[in-house]
Each structure stands twice: as C-alpha cells, then as structure tokens.
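Visitor: Residue strings, one per chain:
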Amino acid sequence: MMLAGLFLLAGIAMAQTKVTGTVVSYEDNEPIIGATIQAVGQASIGTITDYDGNFTLEVPEGVKTLKITYVGMEPLEVAVSTKTLKIQLKNDSQILDEVVVVAYGTQKKTSLTGSIQEVKSEAIEMRPVSSVASALEGTVSGVQVNSTYGAPGQDPSIRIRGVGTVNGSTSPLYVLDGVPFGGNISDLNPQDIESMSILKDAASAALYGNRASNGVILITTKKGKQGKLNVSLDIKQGTYSRGIKEYKRLGVRDWMNMEWQNLKNYAMSSSGYDLAKAEAYANQNLIDDRLILNIFNKDNDKLFENGKLVADAQILGTYGEDLDWYDQAVRVGYRQEYNFMANGASDKADYLISLGYLDENGYLRNSGFDRISARMSANIQPKAWFKAGLNVSGTHQNFTNTNGDSSSSYTNVFNYGRNIAPIYPVHLHDVTTGDYVRDAQGHLTYDPGYYTDANGNEQMTRNQYPDRHVIWENEMNSDKTIRNTLNGIAYANLILPYGFTFMLKGSLNLRHSDNTKYYSGVIGDAKGVNGRSTRTNYRYKDYNFQQQLHWVHEFGVHSLDALVGHENYAWNRNYLSGNKYDETSEGKVQWLNFNTIQSLEDFQDNYRTESYLGRIRYGYDSKYNAEVSFRRDGSSRFSKSARWGNFWSCGANWVVTYEEFMKKFTWVDYLKLRADYGEVANDSGAGYYAYMALSSLERNNNSGAYVISQFANNDLLWETGQSWGIGLEARMFNRWNLNIDYFNRRNKDLIFDVYNPLSAGATNTEVAESTTTMNLGVISNQGLEISTDIDVFKNKDWKINLSASATYQTNKVVKLPEQNKDGIINGTKKIVEGKSMYMFYVNTWEGIDTYNGYSLYTFDDEKYYFEADGVTYGNTAGTKISGTNLNYVVVIDGVPYTYRPSTYGKKEFHGSALPDLFGSFGANVSWKSLTFNALFTYQLGGKVMDSNYQTLMSVSTTPSSLHQDVLNSWTTDDATAEHAIDRNGTPVVDRGLSTYLNAASSRWLTSASYLVLKNLSLTYKLPKSLTDKADIEGATVSLSCENLFTLTKRQGLNPQQTFNGTQSNSLVTPRVFSIGLNIKF
Amino acid sequence: MKKYIFIVGIASLVGLSSCSESYLDTEPQSSVSTPSTVESIVNAEHAINGLCKIMTTPYISQGFNGEGTIKTYYGNYPGNDFQKCAYTGYSNVINGTYHTSKTSVYLYYPWFYYYKLIGNANVIIANIDNAEGTNKADANQTMRERAFIKAQALTFRAYAFSQLVQLYSYRWSDSNNGATDGIVLRTDESHGDIALSTLAESYQQIYADLDEAIALFQKSGMDRKKNEFYKPNLNVAYAVYARAALNREDWANAAKYAALARAGVSLMTNDQYADGMHTANNEWIWGVYEAEDQSLGYFAFFAYQGSNSSSSVCRTYPCAISRELIDQIPATDVRRKLYLIPTEAELKECNSAGRSTKTLYKRAFSEYGDRLYETSYVYVYMQFKFLAAFMPGGGSFSLIRGAEMYYVEAEADCHLGKDAEAQQLLFEANKDRDAALVKSEKTGDDLLAEVRLYRRFDLWGEGFDWFDYKRWGLPISRKALSKGGSFHTTFAKTIQPDAENNWTWMLPNMETDYNELID
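Each protein sequence line maps, in turn, to chains A and B. To convert, note that position 869 of the first sequence is 869 in my numbering; the numbers rise steadily by one, no gaps. To convert, note that position 94 of the second sequence is 94 in my numbering; the numbers rise steadily by one, no gaps.
Just to be clear, a hint being listed does not mean it is correct.
In silico DMTMM-like links for lysine to aspartate or glutamate, alpha-carbon gap of 25 Å or less [unchecked claim]:
#1 A:K863 / B:E500
#2 A:K225 / A:D1031
#3 B:K418 / B:E450
#4 A:K880 / B:D181
Hints in this document: simulated from the structure, not taken from any laboratory. Predicted model only: the values in this text are computed from it and were never measured.
Extracted from the complex, chain A is given alone in its bound form (with noise of 0.2 Å):
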C-alpha cells in the first residue's frame, strides 16, 4: 500500500513531455539508425533512433536538454522542444581521437608519439579461434602470425617487427590489465577482449624494460558499461578440417617402377654388377629384398619386364582400398562455441560477468580442445577519493593432444602417412587373396608390419616402421592434458588533491598443467616393455605488485601527465615428472596399473625482476606533444655485477591539421608527423640461471653424480634494443586513411649459445654441441610499413571499404665480436656481418654429371686439391685429394666438381629465408544489415628449406612414398660417354648414394611467398521487426571461415610453419567454417 502510494506521489511529480525527431548525417543526410538520445541531467532517460533514424522520447519535466550521439560523430546537444526536430549529426573529424591502451595506462591517439595500433574487440568476435593472439594475423601492419599448426587450442607465434634475437624468445610480452601475463594466450576467451594494444616501438614499450624489445601486447578485458544491463549470448557451430593439401606423391605403379630402378641402380652401384645382371637382380630380389609385401597377382619375380611393371599386374584383392594412411587418420572435425556474458553500470560501480565454453575437435582422429571459461570483473567508487576493482577468471581446459611436431615420430601422422610407401596397407591382408584378415568377431585388424603363417611364425608384411603403426597407435596411446587457470588482478586508486592519484595494484596468475601420456603395450614405443604411462605436471605461480603515483595538470593550452612507479614480479614453476612401465591392466592409462618405476623426479625454476620507473607527458594545444619515459630493472638471470641497466625512451608529434594554415586545405582532415627513440631490452636470450657454471644432478647406482651442462659467464648481460621511427598518419577526403611508418632497430649485446669446438666437452646430451652463452654482436631490422584504407562507396545503404597493408622489413647483422669474424654457422644457415641472420648457408648444388647420374656440388677449392690428367684443381695449401677418396672428386669443362658435398663441397650463401614483403589486403562491403568481409594474407620473397621434399626425393635404405619428381630421374639409359652436366637434372634413384645425391644443399630452397584467404566471413543483422516479436534486442547471424585456402610453390609447403624457412612433418593449417549467432537481450 505505502509502495504504491509511492508511485503515485512520484507520477504525480513528474509531468512528461514527448520528444520526436529524426537523426540524419549532416554529410548525405541519410538517417542515422541506432543514435542515442538522452537526457541532459537524467542519465537513465534514453532512446535509440530507429532504422529511418527517427525517435520519440518522454522526458519529464526540468529537463532542458537532450544529448545526441553515435560513435564516429560529434555529439550535438539539442533543446527540448514539442516540435519535430530534425537534427544532424556531423562526422567527427577527431574520429581517431579515442582513447587507447597504452603502458601504464591510457592515452589519447591524437597525442600518441610511438607506433601503437588497436584491435578491437569487433575484429576479434567473429573469429572463430580459440586463441585471441590468431586475430592479430592481417590485422597489424609489421607484425607477423604463424597460427598454421593444426591442433586446436595451440597459440600461435607472433614477430612484431622482425627478429631482435637470435637465441632468445622472439614472442612478445603480453600484459593483461596491466599486468605482466605469464599463461597462455589460449587461457583468455577471445570473447572477454575489448582491445588489444600492439607497441611496435620502443619508445611506446620502453616501460617495460627488459622484457620490451620484442613488442608488447596490451591485452584489455571487457568493463561494464554505463547503462542499462547488457546481457547477450553467442553461439558458433562449425567444422576443422586439413587446410593444405599433400605432397604430389607417386601413386603405387609408379612407384614400384622406381623402386625397381633403385635396386637396379644400386646393385650396379654398391656390387659392381653390369646392367643386365643388375636388371635381373632386381627382377629377382625387389620383393624379397627390399619391399617384403607383394600386393599384386603376379609372383614376387615375375613383376617387371623391361624395367616396368607388367601390365596386366593387378592390386590383389582389397589392398587397393586401403593404402591410404590419411584418408583413414584425418576427418573432419566439429567445433563448438557458446558464450554468455551480461554486464552493467551505475555512477558508483559496474560489474561484468562472462562464461564461455569451446570445444575443438581437430581434423586427426585423436585430437582436440575443450575449455570452460568464466570471468568476472567489478570496479566501485564509493567515494570520490577512493575507486578499487578486482578481476577474476578461471579456467578449465582438457587438451587431447596429438603428435604433430615431432617431425620424426612414428606417432606423428604428417611423419608416417607422407613417409609410407604406397603398398603397405592399414589393415592385415591375406597376402596370397589380398582379402582383409578379419578377427573373430569379424572385425578388421591392423597390420603391425607381420603376421603369424600357420607354421606359427612371424613374416613380415612391410620393411618399413615394423612393429609401429601411426592410427592403431594413436588409437590405443593417449596423451591429456588437464589445465587449470585462475586469474585475479586487484587495484585500489586513490585519488588525491593536486592531480595525483596513487594507485597499488596486484596479481596473482595460477597455472597447472598435468599431462598424462598412455603407451599402449600391444603395439609401438612401450611394447617391448609392456605399456608405459608418463605424468607430467607443471605448476605455475606468477604474481606482481605495482605501485604507482599519477599526476596530471592542465593549465592554459598546456597539458602536463607524469608518472613514478615500482613494480616487482615473480615466477616460479614446479616441474614435477615420472614414468612407469608394465602394464597389469591393458589400457588403463593411470600409474596405480604400472609395476616399474623408471623415473621419478621434480624441481623447481624461478625467476624475478624489480623495475623502477617514470614518465613525463607534455602536450601544447594538443598540437604539439611529446613524452620521456625512464625504467631501471633488475633481472635474476644475470650476476649480481650485471644485474642492473636503465632503458629510456623519447618521442614526440605534431598534428598538423590543427594549425592555422592548415585550414585551408579542406580535404586533409587529419594529418599528424611523429617520431620518436628509444631504448628496450630481452633478457629471454638468457636461461634462468645463464651466468653460472652449472653441473646438472645426476644418479648412478644411487649415489649421487655431477655432469657438467653449463660452461660460466659472469659477465652475461641482456639484449638492448635501440631503435628509432617516425610515422605518418591521415584521413583525406573524408574516406582515406593513410599511415606509413619507418623504423629502424639495433639490437646489440646479442646472446648467442656460442659454439665451442666439440672438443671443450658437450653441455648438452641432446645435440651434440659444446656452448658458452655469451653476448656478441649487433644485428639491425628495419622497416617500412605502410597500411591504408579507403571507403570506396559509401550511402545510406551501401558501404565498400577496401584496406591493404604492406611491411617491407631488412635484416643485417652488423658486427661479431673478433673471434666470431669468420661467421657462426647454424645449422642450415651462417650468420655472418653484412648480411641477414637468416641467410642459408649450404653446399651449391650444380645440377647432375650425365656420365653416372651423380649430383655435383661446388668443389671446396679453399681447402683441399687434387690433381687430375696433370692439371692441379683447387688450393694447394690445403688437403690433398688421394687415393680412393679420388673417386669423389670430377672436373667437367675444366671445372671441379665433387659428389661428397659434406666431405669436399663448399658451402655458399644462398638467400634470406625472411620475406622481402609481407601484409594483408581486404574488403569490407555492407549493405543494409548484411555485412561480408574478405581478409587476405600474402607473402612475397624468402625461402624456405624443403625439407619434407628432401626426403620424398631420397631413397633410403628402407622403403618409402616418393615425390612425383622422381619421375625425371636419370636412368642409365640418359647416361653420356663422357662426363657432362645437367643443370637441370634429377639424380639416379640409388639407395645406396642417395645421402649424397639428396644432401642438403640449395637444390632443395624454394620460393616461400604465399597467398592466404585468412578470413571469409558474412554477417546478417536480423531486422528490428523481427527481434522485437520475440523480445530481444538484435540478434546477427554470421558465417566465417578461416584459411579457406593456401597458395605456396609447392603442393604441401607450409611456408608460414616457422619464421626461420625450415620445414618438418608438422601439422598444418586447419580451415575452420564456422556458423554463429548473436543475440543481445
């Protein structure tokens, strides 16, 4: 009774006025759909215009005003009247003055001095990866994405401005809310993200010290806003399938024929036959010998003639069906995502609450990714001086995890389906009907490489991974990961007289990850010891205290912001890790059911840093802005006599279009020049505990044993990182923008594991290397990155937007200290001054010697001679050729050439694997509320070391599946009388010389330039009639579809797997279609 006579009082009170109007561009005059109208005064009366822009509003009495406003135009504040009002709204010509996440804080873009860009949370929803660190690829100009690894759930790599390093991370720090992150991108649901701030340069990084120079990523969790509750739901249903295509590998007939060459060739070869006795040999003993299984109608010796299968040679029985390894390991997959978040604001506080569940199953049989995610943020401000917040996430996150790096693994499917040659089937076959062998209860049964004949003997069925089977095994091993997360980040402000406000603010991230690895004892690695189970857990705990004392002042047309502060943070992990044998149980995957313990063992790493540091922002008349930071750090992994260094960093802008001249010049609307220096650093080059001398914990016959792993270096500093840019960017014409950047970064003090000669002992049992961790060297990038859009057409209904981005990037090693002049080799490549750090460095390869089929590589004439017909090749100071190892050496036309390269050949640089240009291009059209949006990625220039093409152009001395090109190889049918060169040549098929016919070397560098359809995506607003029947606010359908497809050089080539032009048996890019809806309540 007393609550109605409330509403009544208050109903009385409160007389109305109804206000009607329409909201149109000042520009075209189109109607603005969805403006917002609100009462000056009375935050909570508001409307939003309609789709003809029209409103009607009641507003009570006192209200005198009504503000207007919609994103990318200027507010307009309006009196209340009873008449109609036609109100314009004009574009904002401050459109990019937003506010941006910045170190320590935020910024406005106009005043920004460095190179920060944005992405928004828009660019990130319809996405659908499970990791927020994939939207970035084609979104950011000079930085690049490598998200091609096939499993769900993995995080990308990310280079933000080239490669700073050569040992140490090449990933950038990611701060999340402020806050050094030291998860996994993947433990952040891509939906929680408002922004991502990426600070290319080191003058927007500087505060951060020496963890900055290889970019920082600002990570900023969605808030909640001011208004009404904000509730909405999104739900996305989709596919995950293999995105590249195979190697063009030789079918079955085709490959017998070469491997009957291969027997041929080597007998000829390794036993001195003649080619008839040679032909017959391999008549004879290609099956008996080399492929064991003989999967046609015809008797092991009565396969070839004239070299060539027989015609009328059938595949037995069901063979043909089932000699295909991928067609059985690779599905399609189904992914599935459902986020629910609601949110809202009052004067004194906002919270905001977030769950997210995704489910990933990958395109290989055994793999996928789950994760449930919930977040919750809240901020008060309960009194003016006093403003606090705390933000909470957690997850749970399943992984089923599945070989697909490991380029050598039997486990590994990219491994044993490319390598498999193409007779050996899944399933057991009867090897005289070719019909599948079929268990008791009917069932088909896989082939572990024999069967048991009905003498009960073992017979092979494939010389080829006997005993491992890549789809039995994974279907009887198991490999999970469980991992927990929980996040919480707390500050309190308090906001002082005089402008300052001091803030302290914590984090505590924990971590845990435990993986479970099942080896079945029926077939593979842990059968010959009756099952396996390995159990390996981390423990992560990672926290950081900052405190921080803000002061900004205004007077006049000067603007002035500084800031001190001090921050500490800790790492620490736990590894804990053991593994049992013999199985009681088959297939029970936990240790309770294993008997012998092999190992058993756990220790703990840590890591920490302290950092002072300050800040000064000066801004005149917002036209002329300028800023220095300062940061002194400390890091554990240095001595205590080079722990400490200082890092700085300058900059500066002028925004043209402000002043007077200016104004003249109507179609520039905003032009801003910057530039800017600065000073960062990477102490990631460094292990834990890099300068001590260091011997790792051993046991034999349980009693304690020391080896040595680590030589000593007192004197081991971080990387520095100088650089320096100056950026450009415009808005032309009302449709342009425009931005170009150059810049220009020194890396010096490079650590580097510098190699010893192996003779000063190994620290290493994995590779067999003797290193010293060492600072040498300085290596420079620079850079022009260019990124652009245009609205091509814009009306009421129709908006074509185009934009395009390119990144030009050098690399070049510019000094190594003196006993390094001659240059580090490393593997496949050779650092050396004046040129980049990813050059290839490889034997020549010259093409082919006619005479035998030989591939000839470029004579080591440097350090080694021989003479031949009394003429001397090569450096007679050096090693002379003699004897037998003559045979290895040829001249042709007067040139020496050798067959060894690895023992007489030279090596050469032979290109950068970094790409001479990379970036992305696209196009935004909408029409109405339908909205299609196209995201290409390219690369031009680099190349790549093929080496997956390496091993299907070799024979090895089992066999295995064949490239195509194998098809040109020489035969002894091309030989020549003399010896000549083919430059074009493929060598003789030869298993027994094929290490040297296929050595490593320039033949296998190809073009690495790409062309990826990153994004294709289609999104439908659902029209306002509709939603309003079913009583919600707006509902969006979309359809997406990532890396539809993948143009290379060559069929299979990945050339986005790593940074550094390698190539492994690794899983490749998925293509994901996705379906979503989008509703807001």
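On the provided structure of chain A, position chain B as indicated by the hints.
Guide: Chain B in isolation, oriented as in the chain A frame:
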C-alpha cells in the same frame, strides 16, 4: 582528511618501494655450481660417479648410450665377424661408408661423447688438489683421497684419448712412426682453440696420464669399493695402458701392463661366461653400470644386442657370428653352444638372408627358448652370448675383462718373439672352455694368427672386431651365405685397409668449424 590520505599515499609508496637485496638471487634446483663439485672429496666422488654416468646416458637419438654405442656401432657392426642379420637399413654403418661424412651423427658421436668425458675429467684433475678432505684434521688422509680421485679422473681421460686415436687417426703402422695427425689434446679447463697433436704426441699424453694415474693410485693406497666395478682403480689404469701400448705397437709395454692388469683377476667359470654378460664378476676389470631403476630403455646396449631383448631391432634383426669364424673353433669348445650353428639340412631350409622358419626355428626355441624373446626371428649362427638383464634391453656390461689382457700379452709376446710365453697365455685363457684343448705348438705368424683367432672368438660381440682389424691392417672379408659365408648380400664385401679413408673417421664439422687452429 584529504591531506591525510595524501600523506598515507606517499608514505605507502615509499614504504613499499623496494624489495630486499636478495630478491633477485635465484638458485637452480636441478643443478649445482660446477666449482662446488670439486670443493670437497665428498662432492668429487659424485663428480667421478658423473664420469661413470656419462658412459651410460641416452644421447642424441635412439641407439646412442655412451660406451655401449662405441661397441655396437664402431666395434661390432662394421667388423669382420659380426652380423646384424638382415639389418640392411644400417648398411652404411655396417659397410663403413660414413668415414668422410663430416656432418653425420655416426662420424661425430665418438668425438662428442669422449670429449664430454674428457671435459668433465679435466675439471676434477685441475681442481682436486684443493679439495677438502673427509677428515679435515688428517692431512695425510686428505692427500691420499685427493690422489685416488685424481688417478681415477686421469684414467678416464687417458681411456678417452686412446679410444679417440683409434677412431680419428691412422693406424700406427700407417702413421710413419706417429708423424700423422693425432687428436686434440685438451688437458685443462679451456674451451677455446687447440691445434691437432701428432699421433705420437697423442700417445705420449696417454702414457703420461697413465704414468701419473698409476703413481697416484699407488700413493693413495686406496681401492674402489667392492661393487664399484664401473669406477677405475689401479688395475684399470694398467689395462688401459696395455691397450694403448698394443695399439701403438709398443709390444714391451703392452705385455708388461697386461700382466699387471690381470693380477688378482680370475677368469670366469664356464657358467659365468654363459650367464649373459650382464652381471659383474671377478673377471671384470672395468665395466659400465646399468640397472632397472636407471634404465636407458631402447637406447641401451642390450636393446641392440640381447638375444632375449623385446626391442624390435633385436627381435627382427638378431646378432650372429660369422660362419667362417666359428667353423675354425673346435666342436669341443663350450662357447660354441652360445651360437645357433645349423646343420647342412637346416641351412638349406633358410631363406637367402639366413632366416629359418622351419626346423632350425623350432630347435632354437626348444634349446634356447629361455634366451629368446617369444616373437624373435631366428637366423643361422645367431648368438645367445648376450642377454638383457631386464627389458627392453638393459644390463651392465664389461669394458675390460681379464681374458682380454691374456690376449694382449700373448699378441705382444708374439711380436717380441716370446712364442713359448704366448703359447702358454693362449692355453691358460682357453683351457677351461675346451677340455680337449692342447697347448698350441705354432710359432711366428701362425701363432699370432691363432692368438688373433681366439681373441676374435672369445671377445666376439664385445666391441673389438673393427678396432682389431684396423689395428692389424687386415681387410674385412665377409662372404655371402651363398658363397660359403653367412652374410647378407648387402654386407658381403671385402674392405681393404686403405679403403674408406684408411678406416679413419674424419674430424667432425662441429670441431673444425669452431676450432680455428684446425683446418
């Protein structure tokens, strides 16, 4: 009020500003500082145990296990009397064609492994004289403890050097009295460039290390603990000396030190000989330790050589002795029982590679069932001498055993013209194995050939094969099964002493690329 807040704010900023000085000092948990490993005798004993552990550690990729790999890939596979049946996938190793492939793992592995041993030994040798004793008050005891550990480290280093010269330098007889290239003699804690020494200088260093080790062992008056067969003692130093001298064709020293090395060592009983070669006994002068709780899994020595091993490389490709060798050994020798010798009929049933699936297969499982894995393939002349102690293929194995020292002395005696002594040694080494054995009355080259024959047979599979043939300058001559031998056609080859770079591995790129003093 606001002023108060201001003051509190500033105060807390200052108060919370800095962390304690030790905040940035972090210590690893999985390792210790290297200098501390030689600070005291107690720690240095662990460093010596580290040297032993280096000999039994998984390296690089499957198959590389420290010392066992030297036996498998360098001694056995490329030898004259050993066959990894039908293992054609390894034909390049078996036929010795990698000697000039400077980037091949087979070329650089021994260099990598032995210099790891040397580098660790050098730290001990350089610093042990300052180590704190177990009883600080007793200076004499401390001196003796230091001497013992230094002697052990010196023995390791000498052993590693002597193995390296056999692989990476010409055989002594081709060296023009040691004038050809030797190895890198790194004897301090340096990590930089060092020029190659000559072969003669290399042997001088080996001798010098062993002279010092012997003197220190004697000075220490200490011995290893009873179960520590994997650590060096005085006998080991003598034995390494005898081997090095034999390789250097320094016959007098070879004979002298071989005799010293076997003092107090008794030969195995026949039962022990047949026990599988995986458990230490009185005859083992030095060995390598491996147990189930530190198993190397598929990396281990017996996972390549145990007839009962469950590894596929053992089950599918068993190890076999050459028919030509075993045919020269009298039927009364009990060691012949450790090989599957076929009858003519059984031989005929086999396929061209020597695999049996019929009578011989059945006989193998009935007579040697406990020495075979249930799904093992059966080949003629396959061995049952080496058995894994645990699966998939683990167990300790000997590096130097007493019998070898008999053969070293006998061989040296032959060269010294001491035929009677050689005959006696040969007889002593074999008399328990063959009840019908009579002492050889051969002399000169015939006697030398007989000493070599029994050495080959007795030590078969223990990693001597290729090394012996290189040292002797004899060709490897393997006959195919169809030609009266027992080898797969792929391995049926004659390899002359001057072929394949004189059986000498070139220096790896990992050395020459980073050592400016070597071309």
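Visitor: It remains to establish, for every hint, whether it holds in the given structure.
Guide: Here is how each hint holds up against the structure:
| no. | hint | in the structure |
| --- | --- | --- |
| 1 | A:K863 / B:E500 | 20 Å, holds |
| 2 | A:K225 / A:D1031 | 22 Å, holds |
| 3 | B:K418 / B:E450 | 15 Å, holds |
| 4 | A:K880 / B:D181 | 14 Å, holds |
The earlier numbered hints are all upheld by this structure, with none contradicted.
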